[in-house]
Amino acid sequence: GQQLNQSPQSMFIQEGEDVSMNCTSSSIFNTWLWYKQDPGEGPVLLIALYKAGELTSNGRLTAQFGITRKDSFLNISASIPSDVGIYFCAVFTSGTYKYIFGTGTRLKVLA
Amino acid sequence: GAGVSQSPSNKVTEKGKDVELRCDPISGHTALYWYRQSLGQGLEFLIYFQGNSAPDKSGLPSDRFSAERTGGSVSTLTIQRTQQEDSAVYLCASSLVGSRRTGGGYTEAFFGQGTRLTVV
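Residue numbers (this note's numbering), protein chains in the order written: chain A, 1 to 111; chain B, 1 to 120.
Keeping only pairs whose Cα atoms sit at most 30 angstroms apart, straight-line, the calculated DSSO-like set for lysine-lysine is:
no.	chain 1	residue 1	chain 2	residue 2
1	A	98	A	51
2	B	57	B	15
3	B	57	A	98
4	B	11	A	98
5	A	70	B	57
6	A	108	A	70
7	A	51	A	70
8	B	57	B	11
9	A	98	A	70
10	B	11	A	108
11	B	17	B	57
No wet-lab data here; the hints were simulated from the structure.
Could you build all of it, start to finish, from the sequences and the hints given here?
What follows is the structure in structure tokens.
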């Protein structure tokens, strides 16, 4: 089936550092999404990308939709302890109205 | 309510018992999704409901799993004869499919907090 490969699987960083994670697919998708999941909660949408090459920011978060429509990356600048959580990339399949999720990047921030 | 509500938040059941998990979507949202999240894993699609259309059941892992959505609102996911491998967090999401957005009909899906199912 369709798969999203997300990397890294986990990372420990120092507070104040910048973070980068990415997501790739073997198929083309027209809508890429980044979610964050806090412990015991459901995922919450951070950024949605609709156009190849698009670069979108949300506060300290910046995400880009790859020009090939097969990848995306998420950057977090100047990380803080509350950035801890699991970050998922996802795509929306307009034909079947499904969301396909990556396996997640677990972020831990060391104060 | 203001968000997607799931109940119970935690459920411990004995192997072989049936369980029902409930999802109250955001009022007015026509699309409802169930996902399963096993420990340390991503989200696995289970089933999708859209309005009065036949649900997309392509993600249900076995015939022990079923779901219904009554009156286009509340949904119940039922797992019969539970097995230990069914232990996971079951997440429900709803969205307002059909709004005009770039990219072919996508609108944001809002997730509930999930039901953590433990089969012992």
